[in-house]
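Participant: Read off the chains here:
4 protein chains.
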Amino acid sequence: MDYQAILDEIYKELTPHLNDGKVANYIPALACVNPNQFAMSITLFDGTQYNVGDTDTLFSIQSISKVFTFTLALNIFGKGLYKRIGVEPSGNPFNSLVQLEYENGRPRNPFINAGAINVTDALLNHFKTPETTYNAIQSFVESISSQQKISFDEVVAESEINYGHRNIALANLMKSFNNFDNEVNDVIDIYCKHCSIEMSTQMLSRAMLYLANHGVDPITSKRHVTEQRSKRINAVMLTCGHYDASGDFAFHVGLPGKSGVGGGIVAVVPKIMGISVWAPALNKQGNSLVGTKALELFTTKTGFSIF
Amino acid sequence: MDYQAILDEIYKELTPHLNDGKVANYIPALACVNPNQFAMSITLFDGTQYNVGDTDTLFSIQSISKVFTFTLALNIFGKGLYKRIGVEPSGNPFNSLVQLEYENGRPRNPFINAGAINVTDALLNHFKTPETTYNAIQSFVESISSQQKISFDEVVAESEINYGHRNIALANLMKSFNNFDNEVNDVIDIYCKHCSIEMSTQMLSRAMLYLANHGVDPITSKRHVTEQRSKRINAVMLTCGHYDASGDFAFHVGLPGKSGVGGGIVAVVPKIMGISVWAPALNKQGNSLVGTKALELFTTKTGFSIF
Amino acid sequence: MDYQAILDEIYKELTPHLNDGKVANYIPALACVNPNQFAMSITLFDGTQYNVGDTDTLFSIQSISKVFTFTLALNIFGKGLYKRIGVEPSGNPFNSLVQLEYENGRPRNPFINAGAINVTDALLNHFKTPETTYNAIQSFVESISSQQKISFDEVVAESEINYGHRNIALANLMKSFNNFDNEVNDVIDIYCKHCSIEMSTQMLSRAMLYLANHGVDPITSKRHVTEQRSKRINAVMLTCGHYDASGDFAFHVGLPGKSGVGGGIVAVVPKIMGISVWAPALNKQGNSLVGTKALELFTTKTGFSIF
Amino acid sequence: MDYQAILDEIYKELTPHLNDGKVANYIPALACVNPNQFAMSITLFDGTQYNVGDTDTLFSIQSISKVFTFTLALNIFGKGLYKRIGVEPSGNPFNSLVQLEYENGRPRNPFINAGAINVTDALLNHFKTPETTYNAIQSFVESISSQQKISFDEVVAESEINYGHRNIALANLMKSFNNFDNEVNDVIDIYCKHCSIEMSTQMLSRAMLYLANHGVDPITSKRHVTEQRSKRINAVMLTCGHYDASGDFAFHVGLPGKSGVGGGIVAVVPKIMGISVWAPALNKQGNSLVGTKALELFTTKTGFSIF
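Residue numbers (the numbering used here), protein chains in the order written: chain R, 5 to 311; chain W, 5 to 311; chain G, 5 to 311; chain D, 5 to 311.
FYI, nobody ran anything at the bench for these hints, they're computed from the structure. Please note that a few of the clues may not be correct.
The list makes no distinction among identical chains, and a pair is therefore deemed to hold if it is satisfied within one copy or across any two copies.
No farther apart than 30 Å at their CA atoms in a straight line, the calculated lysine-lysine pairs in the DSS-like style are these [as the list claims (entries may be wrong)]: (1) Lys-297 / Lys-275; (2) Lys-87 / Lys-297; (3) Lys-275 / Lys-305; (4) Lys-132 / Lys-83; (5) Lys-305 / Lys-16.
Note that the structure is a prediction, hence the values are computed from the model and not measured.
Here chain R stands alone, though its shape is the one from the complex (with noise of 0.2 Å):
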């Protein structure tokens, strides 16, 4: 299959609609953004990588984040960690606290705010301190990704900090159901941290090789995680990885996929390969709109699909 070519024809197709839709506006970090951007990466088992648009430019990663921190709490925690959180679709927006009152303070999975703060609080018990915390989840990222030094935008986590209000209800609010060990404070800063990480849609692509090969590096050969562990992380992706878009992203691409207000989205063909899409307008769900549209296009051109 001609991989370039179909990457050139998703660009050509989506440049007159970058402008639709919106950047994120929650904190000014983000906002200031320049929509006119568009990158997307597919990387192959054997090392090989197709690439059209801004594919060396860093992004803020946001939420893809939670693809990472739940992996390598998998790893350390292993089923026990479900005694914090679950694995079912919300059917709420990402940041809502409804369910959570409702359902004592345990959220719904791992890839809404909830409960990918609450996974960073697991982490901070097993790590300790903030700094050491931070630090694991770093070196995993780069170890996914094969790269030396990746980090995390100091201004756009400040900012997150500063504005994410709705961040410290949620932690509170699991406290209170005695579901959060640690300080808020700590906790939410970690968190802005790891999601303030910037990366390329062709060090995304290549990242997500691991869960596109049941767990297992198909280039280092490293094993990351156990086998079933990744189908169950993708499974999770498919059915909660869009928010309250979840279904509609499943319906339309059919791959498993996780996306961050910052305009990136990660997805992965199992067997095939990793693929990652930045374009940083979103829809009023919170995921990249030409981002979503480009993957529907790939899968549309390729066939691919899990279906």
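We have chain R; now place chains W, G and D onto it with these hints.
Facilitator: Using the frame of chain R, we list chains W, G and D on its own:
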């Protein structure tokens, strides 16, 4: 792979658990089903079938019929169907009215009761009378399962109608939002009949082949639905097929599937097989408890999973 | 106090606002009422009546009838009635199903639709047939208003029945929780009839005297309800009489009262008078917009308030 | 009327029930209060006081303080306060976040936690520093109760702050909707202090006289709030003073009142008296169980009721 040995193992492992869970008791006709029954069938693309247990015993397919009415309605209305219903997980029980009220009478997806009743209402628009509508549904099910004659259980259907206050409430709520066209009684009548269709696991595993093969029955070569729609039906089964336990099913089983309160479940392994399992006792979300475990064991033992 | 002068002032101040708000449009028979009508009547304990506007024009009393059916049911069932319904404000719109689902089919209070339909169901248990039940309600209203003959508008009643999908949904939802005894259609039929009773503000202000006088009609000396129950009916009017604007009415008007979507409102000044006002255009919670303002002006000018 | 005899009777009737219900246990400092305590005081307009039980024992007034902060804020901001909060019953528990999320961070009324925290935030806007704000509240309470010096319990206040995750969640949720101006910690600090103010039933029944007398203290002749606002505060107490048991309190007691989780309740008989009762064990909605019964007995025996 020695499918027969695998099915035998599953049967042996699960027999001690047949009395866990609770047979559906909302209608008298289902409440008296003996929970000590189990059946599991798989059908390959060449027609080979593997069976264990009471695989020719007929049981009430209940909500499994929603897969067939959804397919039929997609064939008739195409995208127009999504004006009436969505494809998003609900995060709520199968018979909840809450979301329907908040979302102006548009059901989240075709596999919760409100959605399936709405689909039946749409089919009645097309087929004109309750009798012709039910007949069209039955004919379609006969066609996909290569059966000369299937039928519904009149006692169960009548029981459903008499005790179906919740479904009547759902229909009237949709009608109050102008998202329902026909007489409520007519639609509920058809709906209860198609839920009361009786099939065996042999018949149901056969009936799922078109969805395992992108819309074409691999034995008869007859196309029952387009490739794209076939994939999308599978996507909706995966995200919404088991009510508020859909995420859990995707996580543990990893296959698109649909359950019914009669204790049956259907599933597909794309490009490989159709599956059906039956065990009457249910978990608290209304899905077959042992049936779900049987499918989890099956995917664990075979390594089959779409992820 | 010069009541006539006060009523005249109110009429003058509010006439320019009669077209604010919106006439009830959920049934055709009410949608065509001319909004340029206004009437206000007060009746003192000695029978003296003060009137301004169209005070002998009959209008549809709608939910005001819930005060009368609640009184009648309390006389029959006493505390037993509270097994079926509560006395707590709902905080939700008049026709919401949400709380009813969360609270197992027990309506919050007798003045939201679900509660009043449930009370009608209880009355049918007692009076045996729909006809005798409706007749008993009508007789009671004739008795408290000292009218020889009141009647309901058949066109409105039929219109309510035909467009009453939401009410049918509420009744079926209660039935699914076993908190509803009779045929839904029978109960809705009686309910729509008593909502369609026609009265004037003269008649309604007279009819409220028993609640202004702790249960005894001060003119006929007839006791219609015990003193304790009379006070409690007033308490429920104050906390629940205006749906999700009950707090606002208590705050601005400061009297126990009950509104109907026909544009009528009744209220009592304990130990002093019965009041009724009518202006067809409604605010967004479904209460007469100008009627509420008229009562607020009345209590401001007279200093009457239970607080 | 022989008030002393009535109070003595109530005390005798309720003493066997002091251990029904459950002392507030969400903070250690309240959990260890001995439930076998009871006090009831009434204060007439001439200053005469009737007492039974431990009426000079100080206890934590908790949410009763919300009446005083609401009065103070109305004096400062007038109608402007209603931009921030409403006056409608919530129909939900005192600390629920659900409605606050659905209604964009505007609390339903000043007597649920979110509303009272919001009022405290408004007071901090006016009084500039946490210290001056708390002092202004304390001075106001001293003024209305004619006490030279009241104070808060530092152990309780600190305990509230340390275990107040739910309140911090509410404040942050309001802040995320831009309906909160100051630092969360500062506001929660003031809020926990005014909730921890200690008073006796003698002091509290005295403090309610201004609300029983349309804003003017009948002993000192000092006006504490306008007549209209005084009536409206009473209206909000009646409809919202006891969380999701407000309707029940209005129904059974029939007086405007406000409860606190310390077991205290205040109430007014307009134009006649201020009342306070204290019994630490609570019902499931968080109101004093025996205290509520005491007030119901009091209005039954005296015939006092605003209805």
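Participant: Which numbered hints turn out to be false for this structure?
Facilitator: none
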